[in-house]
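Visitor: Chain by chain, the residues run as shown.
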Amino acid sequence: MMPEPTIGAAPSCACCREPAVVYQPESRRYLCCSHFIRYVEGRVAGTIRRTGQVQAGDRIAVALSGGKDSTALLLILSRFLGDRKDVSMVAVTVDEGIAGYRSETIRSARDLARELGVEHLVVPFTAMAGADLDTLLAGRETQACTVCGILRRKALLDAARTAGATKIATGHNLDDEAQSVFMNVLRGDLPRLVRDPGFNAGDCFLPRIKPLADISEKEIASYLFVQGRFAELPECPYTRYALRAEVRSMLSGLEYRHPGTMRHLIESKQKVARYCAGIREPGTLNRCRECGDPCSGEICQVCRLLHSLGR
Amino acid sequence: MPGYLSTRLPHYYPVMRIVLPDQSIRNVVQGPVSVESLLHSLGINPHDVIVSRNGTIVPEGASVGADDEIRIIRIAHGG
Numbered sequence: 001m002m003p004e005p006t007i008g009a010a011p012s013c014a015c016c017r018e019p020a021v022v023y024q025p026e027s028r029r030y031l032c033c034s035h036f037i038r039y040v041e042g043r044v045a046g047t048i049r050r051t052g053q054v055q056a057g058d059r060i061a062v063a064l065s066g067g068k069d070s071t072a073l074l075l076i077l078s079r080f081l082g083d084r085k086d087v088s089m090v091a092v093t094v095d096e097g098i099a100g101y102r103s104e105t106i107r108s109a110r111d112l113a114r115e116l117g118v119e120h121l122v123v124p125f126t127a128m129a130g131a132d133l134d135t136l137l138a139g140r141e142t143q144a145c146t147v148c149g150i151l152r153r154k155a156l157l158d159a160a161r162t163a164g165a166t167k168i169a170t171g172h173n174l175d176d177e178a179q180s181v182f183m184n185v186l187r188g189d190l191p192r193l194v195r196d197p198g199f200n201a202g203d204c205f206l207p208r209i210k211p212l213a214d215i216s217e218k219e220i221a222s223y224l225f226v227q228g229r230f231a232e233l234p235e236c237p238y239t240r241y242a243l244r245a246e247v248r249s250m251l252s253g254l255e256y257r258h259p260g261t262m263r264h265l266i267e268s269k270q271k272v273a274r275y276c277a278g279i280r281e282p283g284t285l286n287r288c289r290e291c292g293d294p295c296s297g298e299i300c301q302v303c304r305l306l307h308s309l310g311r
Numbered sequence: 312m313p314g315y316l317s318t319r320l321p322h323y324y325p326v327m328r329i330v331l332p333d334q335s336i337r338n339v340v341q342g343p344v345s346v347e348s349l350l351h352s353l354g355i356n357p358h359d360v361i362v363s364r365n366g367t368i369v370p371e372g373a374s375v376g377a378d379d380e381i382r383i384i385r386i387a388h389g390g
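The listed protein sequences derive, respectively, from chains A and B. When we follow the working numbering, the leftmost residue of the first sequence carries the number 1, and every step to the right adds one. When we follow the working numbering, the leftmost residue of the second sequence carries the number 312, and every step to the right adds one.
Because the hints were derived from the structure by calculation, they are not lab data. A couple of the hints might just be wrong.
Here are a few chain A residues that face chain B, going by a calculated C-beta distance under 8 Å [as the list claims (entries may be wrong)]:
1) 10
2) 13
3) 22
4) 30
5) 222
6) 225
7) 232
8) 248
9) 252
10) 253
11) 255
12) 256
Over 12 Å on every C-beta distance to chain A, these chain B residues come out as not near it, computed from the model [claimed, not checked]:
13) 325
14) 337
15) 352
Predicted model only: the values in this text are computed from it and were never measured. For every residue, glycine included, the Cβ atom is placed at its ideal position computed from N, Cα and C.
Work out the full structure, taking the sequences as your base and the hints as a guide.
Guide: Okay, here's the thing in structure tokens:
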């Protein structure tokens, strides 16, 4: 637990004694605004360098939903890569068509891309699926996150390819990654647990990079807030149906009581992945007979889903 | 529930005004208390929120009290 504060005394930064704005439970230290910004940006730069996520010649498609994670991602990448002549960026926003939710975040995405001078594409679900998500989900709302996830990945991949991108950057943070590990364990999905999203399988997939994977969701929100960039946006109305919502709540409680839980969970996954390295998943990689995308059977997941939705 | 809650306090009584994540407001008569204790008393996990005092973000160890306006902002929005 955190050091007990003296009532009346403001906690001060561990680096400079200025008033603190955040407390980091794992390292048990307080940081002021400027040292916290430096910490977050340094940590992301370290992740990118350590994992070689950005190479000369790369064109990065940044998945920009307009929410806090993708906003922080585009801000930080613009600061790092904006001056590099050998790397370019394009922001891609997928408009799922969720009433009362998406229009505000899309406006936020547009404004940010314009402010940063980043090329921006908005891709509507209707172009790919023939209808927006609300229409597709009528009567099957409990499947929302599965349906949305599959179609959103496909829309993002197609837009990134069209834009000539070599990689897709997403705003997944430490909490997201820990939740995914736990959900894959709960589902007994070992192949997905150990799969490397950065893997480049020829022309089949675009490698995905996650520069914020080492930063907690709370740190991202705080990073935006101290710069006056945190917007309280509406919550996705389908969130309540998601397994992720339950996992998030449980892990969040554990992280508070036992700081480091999420990081340990991710490290466990990485160890398992190392043990499984070299073991191939059963089955061969085919091409979907309908759309030509890579898949393990005859028809890919997206085409199968669209059929089941009557599209 | 922290301190003494009332919507009928005399106007001169120093209160802490708390804006909760759902935008509802509570006026609380409360001596200095840490942000962490305040969140506990409201049944909120500090990991799920950021807290501002008079517009400035404060860590869990900061103390808050009378005449402060506290905003508790939930950080998770996705699906």
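Visitor: Now tell me if each hint is right for this structure.
Guide: Here is what the structure says about each hint:
Annotation: residue 10 (chain A) was flagged as interfacial toward chain B, and the flag holds, the nearest CB pair being 6 Å apart, inside 8 Å. The closest approach between the C-beta of residue 13 (chain A) and any C-beta of chain B is roughly 10 Å, which is over the 8 Å cut-off, so the hint fails. Look at residue 22 (chain A): its Cβ gets to within about 5 Å of chain B, closer than 8 Å, so that hint holds up. Hint on residue 30 (chain A) holds. Least Cβ distance to chain B is approximately 6 Å, under the 8 Å limit.
Contact between residue 222 (chain A) and chain B, as hinted, is supported at the beta carbon level, the nearest pair being about 6 Å apart and thus within 8 Å. At about 5 Å, the closest approach between the beta carbon of residue 225 (chain A) and any beta carbon in chain B falls short of 8 Å, and the interface hint on this residue holds. For residue 232 (chain A), the suggested interface contact is upheld, since its CB lies about 6 Å from the closest CB of chain B, less than 8 Å. Given the 8 Å rule on beta carbons, the hint for residue 248 (chain A) holds: about 6 Å separates it from the nearest Cβ of chain B.
Proximity of residue 252 (chain A) to chain B holds as hinted, the smallest CB-CB distance being about 5 Å (cut-off 8 Å). A least Cβ separation of about 6 Å between residue 253 (chain A) and chain B falls short of the 8 Å threshold, and the interface hint therefore holds. With 8 Å as the threshold, the beta carbon of residue 255 (chain A) comes within range of chain B, its nearest partner Cβ sitting at about 5 Å, so the hint holds. The restraint placing residue 256 (chain A) at the interface with chain B holds, with a minimum CB-CB distance near 4 Å, inside the 8 Å limit.
The claim that residue 325 (chain B) is not at the interface with chain A holds, since no C-beta of that chain comes within 12 Å of its own (minimum 15 Å). Residue 337 (chain B), annotated as away from the interface, keeps every beta carbon of chain A farther than 12 Å; the closest lies near 18 Å. Every CB of chain A lies more than 12 Å from the CB of residue 352 (chain B), the least distance being 15 Å, so the non-interface label holds.
In this structure, only the earlier hint numbered 2 is contradicted, and the remaining ones agree with it.
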